[in-house]
Amino acid sequence: MAQKPLEILKKGLTKFSKKIKERKDALEAKLARKETISADDEHWHIYQSVMDAVAARENIEINGGDDVDDDINTSHEPPPTRRDVLKAISTIGKYTDDMNDPIARKMEAILGTFTRQLRLDETRTMKNSVLTDFFDLT
Numbered sequence: 018m019a020q021k022p023l024e025i026l027k028k029g030l031t032k033f034s035k036k037i038k039e040r041k042d043a044l045e046a047k048l049a050r051k052e053t054i055s056a057d058d059e060h061w062h063i064y065q066s067v068m069d070a071v072a073a074r075e076n077i078e079i080n081g082g083d084d085v086d087d088d089i090n091t092s093h094e095p096p097p098t099r100r101d102v103l104k105a106i107s108t109i110g111k112y113t114d115d116m117n118d119p120i121a122r123k124m125e126a127i128l129g130t131f132t133r134q135l136r137l138d139e140t141r142t143m144k145n146s147v148l149t150d151f152f153d154l155t
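So for the sequence shown, our numbering puts the first residue at 18; every next one is plus one.
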């Protein structure tokens, strides 16, 4: 009796899934032993990790959220404000002013670009106003 095409596909899929799991287990064992892995294996491992995370996010309602890594965004501390970041940039700039090093110059350029970007973002979030908005017309 000949096998049905669907059964052949299922059998092939289970074999393929088994091979993927074996490769993943072998790769994780290598990583646990802190052995070096090839670039292809590294890319495959990263891809597989991302796909596992995507699958966990998609199945969050089915699984009750058990498979999702909750440690990613558990920081209860609010992010620094734009003003705090600008103060930090100013402090770093003052520190690098006295340095005569190419890296210090590159840092100044990067910080200048970052400051410009922060200020540009700030102006984009502003609302347009008209002078008469500040006076009571009654």
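Watch out, some of these pointers could steer you wrong.
Simulated crosslink set (DSSO-like; lysine-lysine; CA at most 30 Å straight-line) [stated by the list, open to error]:
1. K38 x K28
2. K41 x K27
3. K27 x K38
4. K41 x K51
5. K21 x K32
6. K36 x K47
7. K111 x K123
8. K32 x K51
9. K123 x K144
10. K123 x K104
11. K21 x K36
12. K51 x K35
13. K38 x K51
14. K36 x K51
15. K104 x K41
16. K21 x K38
17. K41 x K28
18. K27 x K51
19. K47 x K28
20. K35 x K47
Hints listed in this document are in silico derivations from the structure and should not be mistaken for laboratory results.
Note that the structure is a prediction, hence the values are computed from the model and not measured.
Status of each hint after checking the structure:
1. K38 x K28: holds, 15 Å
2. K41 x K27: holds, 21 Å
3. K27 x K38: holds, 16 Å
4. K41 x K51: holds, 15 Å
5. K21 x K32: holds, 17 Å
6. K36 x K47: The given pair, whose Cα atoms are some 16 Å apart, holds under the 30 Å limit.
7. K111 x K123: holds, 14 Å
8. K32 x K51: Within the cut-off at roughly 29 Å; holds.
9. K123 x K144: violated, 34 Å
10. K123 x K104: Measuring from Cα to Cα gives roughly 19 Å; hence the hint holds.
11. K21 x K36: holds, 23 Å
12. K51 x K35: holds, 24 Å
13. K38 x K51: Cα-Cα ~20 Å, so holds.
14. K36 x K51: holds, 22 Å
15. K104 x K41: Violated. K104 to K41 sits at ~46 Å, over the 30 Å cutoff.
16. K21 x K38: holds, 26 Å
17. K41 x K28: holds, 20 Å
18. K27 x K51: Violated, at roughly 36 Å.
19. K47 x K28: Judged against 30 Å, a Cα distance of about 29 Å means the pair holds.
20. K35 x K47: It holds: about 18 Å lies between the C-alpha atoms, which stays within 30 Å.
Violation of the numbered hints given earlier is confined to hints 9, 15, 18; the remaining hints are satisfied by the structure.
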